[in-house]
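Make the full structure from the sequences, and use the hints.
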Amino acid sequence: MTLTTTSFDWVRALVHKESAIVLQPGKEYLVEARLLPIARERGIPDVSQFVDSVRNRPDADCNRRIVEALTTNETSWFRDGDPFTALTSTVMPALLAARGPNERLQIWSAASSSGQEPYTIAMLLEDSIPNATSRVSITATDLSREMVTRTKAGRFSQLEVNRGLPAPMLVRHFTRVGNEWEVAAPLRRMVTATECNLAAPLPRMGPFDVVYLRNVLIYFDLPTKQAILRRVRDLMRPDGWLFLGAAETTLGVDDSWERVVVGRSSAYRPLKGA
Amino acid sequence: MTTIDSGERRRAVDARPLITELIDAPTVESIAGEAWIALVGEDEVLIPIPGDLPVDPLSAWVDVVGPWTGSVVLTTGRRTAAELTRALLGPAAPAELEDEDVADAFGEIANVVGGNVKAALPGPSGLSLPDVGDAPAVRNPADLCRIDVLWRGQPVAISVQGALPALPLTH
Amino acid sequence: MRALVIDDSRAMRRIVTAILEGLGYEVRGAGHGREGLDVLDEGWIPELVCVDWNMPVMDGLQFVSAVRSNPSWRSITLMMVTSESEHTQIVRALAAGAHEYVIKPFTADAIRDKLALLGLLPQEVAL
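Chains as they are written, first to last, in the UniProt record's numbering: chain V, 1 to 274; chain E, 1 to 171; chain P, 1 to 127.
To be clear, the hints were calculated from the coordinates, so they are not data collected in a lab. Ideal Cβ positions, reconstructed from N, Cα and C, are used throughout, including at glycine. One thing to keep in mind: the hints can contain errors.
[To be verified] Heads up, incomplete: computed chain E residues facing chain V, CB under 8 Å, no partners named:
#	residue
1	S30
2	I31
3	E34
4	D43
5	S125
[Said to hold, decoys possible] When the alpha-carbon atoms are kept at most 25 Å apart in a straight line, the in silico SDA-like pairs for lysine to any residue are as follows:
#	chain 1	residue 1	chain 2	residue 2
6	V	K27	V	S48
7	V	K27	V	W10
8	V	K27	E	P48
9	V	K27	E	G66
The following block contains the structure:
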């Protein structure tokens, strides 16, 4: 069955609302091709049927996946590089000074998709702090089982490694396997990937020193945003750091955070006593 | 130490791996698929269905020289090669396409696919500049990995084929 | 900002040129390394050179070495854009003095991401 006009229009409206990108009529086949894997992952064989089910039962994660599938071909490695610069220039030095030499630092990359963000963090840390692979552990979570499997495998296509990964880091941390590139084993050991639904009670994890929760909150309504921020805060160390997407903020959503400027980026820290 | 020619050299040549031991059709398909999506257009998918190539097709190929030596050959109809050229050049395409434009663009696609095939094979290997015309003959049907796909409904064949014939025994 | 695009394929030169012009670059092209050096010898010194590897007359690796051996061209950022995609080849290119490496096939976004890393996105585009 081909995509119905109603389904296509609904997808166009969603993508336009969330990304300001306009899908022209005639792109039905693109919507089909990109959404079919997401539909199948949920056990639905047909895109129109899948879109109908999301329309009838709103699901922020599904919406996010639909928008991502239609707006980005590949996730960039240093997507909006500033929060990564902040990690090595400010956040890690502060944490390393505050923690004991044998204390393991824990970083959470939430909604980590196919793994570019957790591995970007892993590479940066290995290149900048001694014994990074034993001092830091990175938890990568995503709602999609397929994304978690991909992250665990640590394998990326040629097109994916072309997206914003500096060539010196590619040769230092990857080997070529067939037509793909595989992250070095020590970095893969640093990253633990698990399934996790941010909009539901979270599994026991952490406590985290740093959390990357980027370009996720925009898809949720206000009460859900508040609930997520509260749950994230419960999993963080009191002196932890939270990074949100460039278009996101806790201001006006949850007043138990303090916004701090780190270089060209902003981070949020739990307010004491809040 | 003096070595007597015990046929060592010939065996070394015979021991060259066949392409089927080095790469499989899904890998060639994924390489070609990525090349099409990136170069031709993000919606330009290759569908793995064989079609009949026209009687007078055009081929573009590059040679790989190394532990495995052979060619990576793209073959399609002349009209499809011209359409591919237009798609590749997009708004930069000239109003009238010359044969040279088609040879250049089709050759570059062969270079991109060939370079990535080479990188999936044991190295070090060298890559030739692309050539366009009638495809080099298949020397050894066992040393061949071929995929047949449809692009915009038109057949395209991609074959990774050894350059060596089955070596005749020298007496 | 200026960029020189060196590739023996005219189609590829057009594609890379269109991407760079879209980002605000003034672009010139050359069909092989020797032609590229001729452009530099003229005194047309770009901020960026995108250079293919396999070309007739002078290949990209020789071109990179030649540019790196001339101190007056030190300001030029060299980015290889090639279908050579083995780990060892990328290491060779970086060792010869290339700053970045884009594997063909690439998308326009890939070029843009690399330029962002290199700090070579013209300001109005970066914002």
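Violated hints, by number in ascending order, as checked against the structure: The structure conflicts with hints 5, 9, although it agrees with all the remaining ones.
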